[in-house]
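So the protein lines, in turn, are chains Z and W.
Per the working numbering, residue 9 is the first one in the first sequence, and the count goes up by one each step.
Per the working numbering, residue 581 is the first one in the second sequence, and the count goes up by one each step.
Keep in mind that the hints were calculated from the coordinates and are not lab data.
Cβ coordinates follow ideal geometry from the N, Cα and C atoms, glycine included.
Honestly, I wouldn't trust all of these hints.
A few chain Z residues facing chain W, derived, Cβ under 7 Å [claimed, not checked]: (1) Ser-16; (2) Ala-69; (3) Arg-72; (4) Ile-78; (5) Met-82; (6) Val-84; (7) Thr-92; (8) Cys-93; (9) Leu-96; (10) Ala-151; (11) Cys-155; (12) Met-172; (13) Leu-192; (14) Pro-198.
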Amino acid sequence: MSDVTPISSRFRRGLWDDNPGLVQLLGLCPLLAVTSNFINGLGLGLATLAVMALSNLLVSATRRWIASEIRIPMYVVIIASLVTCIELVFKAWFPALDRTLGIFIPLIVTNCAILARAEVYASRNGILDSVIDGVVMGSGFAALLCCIGFFRELIGRGTMFARMDMLFGGEPMPGIQLADNGLLLLLLPPGAFLSLAIAVASKKAIDRRRQKSASFRLSI
Amino acid sequence: MTELASQPDTAPSVWQSAVTLMTVAAICTALVAMTYYGTRQQIADNEQAWLEQSLKPAISGVPYEGDLTSDPLVISAPNELPGAGDAVVYRVQSGGNVVAALFVVTATDGFVGPIRLLIGLQDDGTLTGVRILEHKETPGIGDLVDQSRSDWVEQFVERSLGSPPVELWAIQRDGGEFDQVTGASITPRAIVKAIRETLVYFEAHRESILTLPSTGEAVTPE
Ligand SMILES: Cc1cc2nc3c(=O)[nH]c(=O)nc-3n(C[C@H](O)[C@H](O)[C@H](O)COP(=O)(O)O)c2cc1C
Chain Z
9 MSDVTPISSR
19 FRRGLWDDNP
29 GLVQLLGLCP
39 LLAVTSNFIN
49 GLGLGLATLA
59 VMALSNLLVS
69 ATRRWIASEI
79 RIPMYVVIIA
89 SLVTCIELVF
99 KAWFPALDRT
109 LGIFIPLIVT
119 NCAILARAEV
129 YASRNGILDS
139 VIDGVVMGSG
149 FAALLCCIGF
159 FRELIGRGTM
169 FARMDMLFGG
179 EPMPGIQLAD
189 NGLLLLLLPP
199 GAFLSLAIAV
209 ASKKAIDRRR
219 QKSASFRLSI
Chain W
581 MTELASQPDT
591 APSVWQSAVT
601 LMTVAAICTA
611 LVAMTYYGTR
621 QQIADNEQAW
631 LEQSLKPAIS
641 GVPYEGDLTS
651 DPLVISAPNE
661 LPGAGDAVVY
671 RVQSGGNVVA
681 ALFVVTATDG
691 FVGPIRLLIG
701 LQDDGTLTGV
711 RILEHKETPG
721 IGDLVDQSRS
731 DWVEQFVERS
741 LGSPPVELWA
751 IQRDGGEFDQ
761 VTGASITPRA
771 IVKAIRETLV
781 YFEAHRESIL
791 TLPSTGEAVT
801 PE
């Protein structure tokens with residue numbers, strides 16, 4: 009079975025229409041916990057993306073042998089191993105980012121968005137399609153983490169793209185400082201919920217506006 | 581698994597499933613093992629580099645030779661240093677003598693959680709620097725003490741147990757000498773207390789802390 013949907017519309021689905029965080033509201037724990045700035049969001053987003061793509065790969069590659077009664081423990085074993093590998097890779101290559109993300113890298117195991125993709129997609133589709141699905145859905149999740157991180161950092165701290173060195177190496181970079189201080193609320197846990205609510209509401213509003221203008225065009 | 585095993589009619593496929601599950605688990609374990617061996621050296625190097633990078637600013641101004649982490653002393657718990665568990669002191673060498681000591685201690689009474697501190701002392705008990713290694717204090721309130729957010733920790737440089745006298749080793753709100761952060765005195769209070777306790781401990785055990793050989797085993801200085 010092969011997915012004939014063109015790549016571009018699959019990306020559109022992952023990033024917008026079926027975004028795992030924004031629409032399916034999956035994996036909210038890391039989403040809310042680490043997104044106090046852009047770089048954290050990007051780091052965790054990339055780690056999640058990698059785990060999603062690889063777990064889809066392994067699940068799809070082994071799907072012929074996985075009886076349906078044991079599929080859940082199987083997925084858990086696969087995902088947990090991949091997350092451990094990713095954690096080691098982060099410790100080796102991005103030590104600074106690993107220090108700030110801390111426990112949230114191992115906690116990717118519990119991101120149900122990954123399990124959901126294994127169950128609804130990778131267990132039923134070919135390897136290439138499954139990897140693409142992992143990349144697409146992972147990008148959607150990562151993009152949401154980045155947006156929320158960007159927003160909270162901007163309003164909460166008054167900076168943009170601070171500490172990009174944690175991912176790219178080099179001297180500590182302060183980023184773009186727009187104000188000395190920000191609205192602390194956005195950095196605290198309630199700020200995460202507020203930002204997510206704003207994101208979900210904005211998406212709904214945009215979708216509705218589009219629908220309206222589409223039906224308007226049809227009617228004339 | 582126990583659930584499946586208790587259903588006799590699925591018994592044959594249970595074995596099959598068990599074998600599949602074991603095989604996948606074995607392959608996954610191999611994957612993790614390979615990654616572990618591939619990254620082990622790099623991770624150890626990173627940790628060492630991070631430790632050294634943190635140690636260096638805490639002995640600002642003191643010339644030293646060699647590797648800052650080469651002469652650790654582990655002080656066994658219980659001890660009167662802040663924080664539970666063993667404490668580590670890195671001795672700093674110059675010209676064959678120990679000229680300074682770097683204490684890694686934990687202030688346990690922060691607002692949110694434990695605060696790991698690095699406290700640098702010259703052999704005469706003068707502070708060379710204080711660094712916050714790890715904390716979970718509230719961003720924008722308690723975290724203002726962090727060296728990346730302000731220079732609050734710089735006020736301790738050159739201070740010692742006599743300057744100010746021990747009873748003034750407290751934040752101003754408690755009648756002491758040290759600046760607090762307005763609206764957040766709990767975090768600074770915890771840190772000042774940890775520094776004071778470390779200074780008192782060093783004064784009481786100075787000789788053995790500076791001279792005990794580094795064996796890697798936890799010791800109790802006299
Ligand atoms: C959400 C929240 C977080 C706080 N976080 C800290 C903190 O991390 N460190 C701290 O010392 N005080 C923190 N405080 C303030 C303390 O509750 C306390 O009011 C303050 O430390 C007292 O300071 P003062 O003696 O200067 O008034 C926080 C307060 C709130 C409401």
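Here is what the structure says about each hint:
Look at Z:Ser-16: its Cβ only gets to about 33 Å from chain W, farther than 7 Å, so that hint breaks. Given the 7 Å rule on beta carbons, the hint for Z:Ala-69 is violated: about 11 Å separates it from the nearest Cβ of chain W. Look at Z:Arg-72: its Cβ only gets to about 10 Å from chain W, farther than 7 Å, so that hint breaks. Among the interface hints, the one on Z:Ile-78 holds; its C-beta lies about 4 Å from the nearest C-beta in chain W, closer than the 7 Å criterion.
With 7 Å as the threshold, the beta carbon of Z:Met-82 comes within range of chain W, its nearest partner Cβ sitting at about 6 Å, so the hint holds. Against a cut-off of 7 Å between C-beta atoms, the interface hint on Z:Val-84 is violated, since the closest Cβ of chain W lies about 10 Å away. Against a cut-off of 7 Å between C-beta atoms, the interface hint on Z:Thr-92 holds, since the closest Cβ of chain W lies about 5 Å away. At a threshold of 7 Å, the smallest CB-CB gap from Z:Cys-93 to chain W is about 4 Å, leaving the interface hint in force.
Nearest Cβ of chain W to the Cβ of Z:Leu-96: about 5 Å, under the 7 Å cut. The hint holds. Taking 7 Å as the C-beta cut-off, the interface hint given for Z:Ala-151 is violated, the closest approach to chain W being about 24 Å. Given hint, Z:Cys-155 at the interface with chain W, is violated; its Cβ is 20 Å from that chain's nearest Cβ, farther than 7 Å. The interface hint given for Z:Met-172 is violated, since its Cβ lies 15 Å from the closest Cβ of chain W, which is over the 7 Å cut-off.
Because the smallest distance between the Cβ of Z:Leu-192 and any Cβ of chain W comes to about 4 Å, under 7 Å, the interface hint for this residue holds. Of the supplied interface hints, the one on Z:Pro-198 is violated, with its beta-carbon coming no nearer than about 12 Å to a beta-carbon of chain W, more than 7 Å.
Violated hints, listed in ascending order, are 1, 2, 3, 6, 10, 11, 12 and 14; each of the other numbered hints is respected by the structure.
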